[in-house]
Amino acid sequence: MVYILGVPIKDERPVKYALLGFYGIGRAVAEKICARLSFHDTLKVKELTDGQLTSLSQLLSNMTIEGDLKRQRDANISRFYTIRSYRGLRHAAGLPVHGQNTRTNAKTAKKLNRLQRRTYSTNPIGTLGWNRVLPTAVSILQKIKNIH
Amino acid sequence: MLANRILRARSIWKGPNVVDFGVDLGEAIKSQTPVKTMVRSATILPRMVGAQFLVHNGKNYASVNVTEDMIGHKLGEFAPTRKAFHYRQTKNR
Numbered sequence: 041m042v043y044i045l046g047v048p049i050k051d052e053r054p055v056k057y058a059l060l061g062f063y064g065i066g067r068a069v070a071e072k073i074c075a076r077l078s079f080h081d082t083l084k085v086k087e088l089t090d091g092q093l094t095s096l097s098q099l100l101s102n103m104t105i106e107g108d109l110k111r112q113r114d115a116n117i118s119r120f121y122t123i124r125s126y127r128g129l130r131h132a133a134g135l136p137v138h139g140q141n142t143r144t145n146a147k148t149a150k151k152l153n154r155l156q157r158r159t160y161s162t163n164p165i166g167t168l169g170w171n172r173v174l175p176t177a178v179s180i181l182q183k184i185k186n187i188h
Numbered sequence: 043m044l045a046n047r048i049l050r051a052r053s054i055w056k057g058p059n060v061v062d063f064g065v066d067l068g069e070a071i072k073s074q075t076p077v078k079t080m081v082r083s084a085t086i087l088p089r090m091v092g093a094q095f096l097v098h099n100g101k102n103y104a105s106v107n108v109t110e111d112m113i114g115h116k117l118g119e120f121a122p123t124r125k126a127f128h129y130r131q132t133k134n135r
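Going down the list, the sequences are from chains A and B.
Per the working numbering, the very first residue in the first sequence carries number 41; after that it's consecutive.
Per the working numbering, the very first residue in the second sequence carries number 43; after that it's consecutive.
Hints listed in this document are in silico derivations from the structure and should not be mistaken for laboratory results.
Check the hints yourself; a few may be wrong.
The list that follows gives simulated cross-link-like pairs (lysine-lysine, DSSO-like), each with its CA atoms no further than 27 Å apart [unchecked claim]: (1) Lys147(A) with Lys110(A); (2) Lys125(B) with Lys147(A); (3) Lys86(A) with Lys72(A); (4) Lys150(A) with Lys110(A); (5) Lys86(A) with Lys56(A); (6) Lys84(A) with Lys72(A); (7) Lys151(A) with Lys125(B); (8) Lys150(A) with Lys72(B); (9) Lys101(B) with Lys125(B).
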């Protein structure tokens with residue numbers, strides 16, 4: 041369990057896939073990062089040396105991911121709304137923005153579209169996925185490691 | 043609004059959709075006289091900032107006060123074409 045950047049905590053997974061746990065990093069970007077830093081495909085996060093960790097953190101901090109990205113997205117949405125553009129009004133009304141049918145369907149839009157856009161699940165395990173550790177589990181894991 | 047989204051996806055090499063409104067925009071901005079237009083597809087340009095437009099929405103004209111943030115959008119984005127849906131139960135029960 042390692043802290044990279046903000047507070048995301050990575051498990052003993054290959055670095056290429058552990059990077060997917062960041063909001064804003066998908067498979068393509070993760071591959072590029074590993075290529076740039078010369079991490080081989082099966083390199084695990086726990087096998088990273090300190091130098092590698094710092095270079096990785098440096099690279100990640102220069103990208104817009106996590107909170108920066110979310111703020112950017114929310115700023116864009118609120119900009120549409122303050123202008124009174126059609127797109128902003130649709131976000132405010134919680135309706136589809138891209139011209140979809142509203143007579144039927146539109147469930148996702150009605151659930152997620154807001155001026156402060158929501159994310160998909162409210163279940164904490166669901167939002168964290170495979171690559172992050174639950175904050176509550178961190179202290180337990182630390183205790184276990186101390187015992188070892 | 044699907045049509046407007048396609049319009050906005052305009053190739054860069056073509057440049058923006060510049061529309062002549064038949065009115066001197068400088069004069070219109072100074073005197074604050076609204077410019078009536080049916081051209082919803084007109085791109086908002088820097089020289090239009092500060093002007094008042096009356097944009098057609100099929101039936102009436104919606105008032106649009108152009109600000110600096112609106113540059114790059116189309117006039118029609120600020121003139122909704124449909125009345126918002128309200129469910130009103132009819133009294134004929």
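- Item | Violations among the numbered hints | 8
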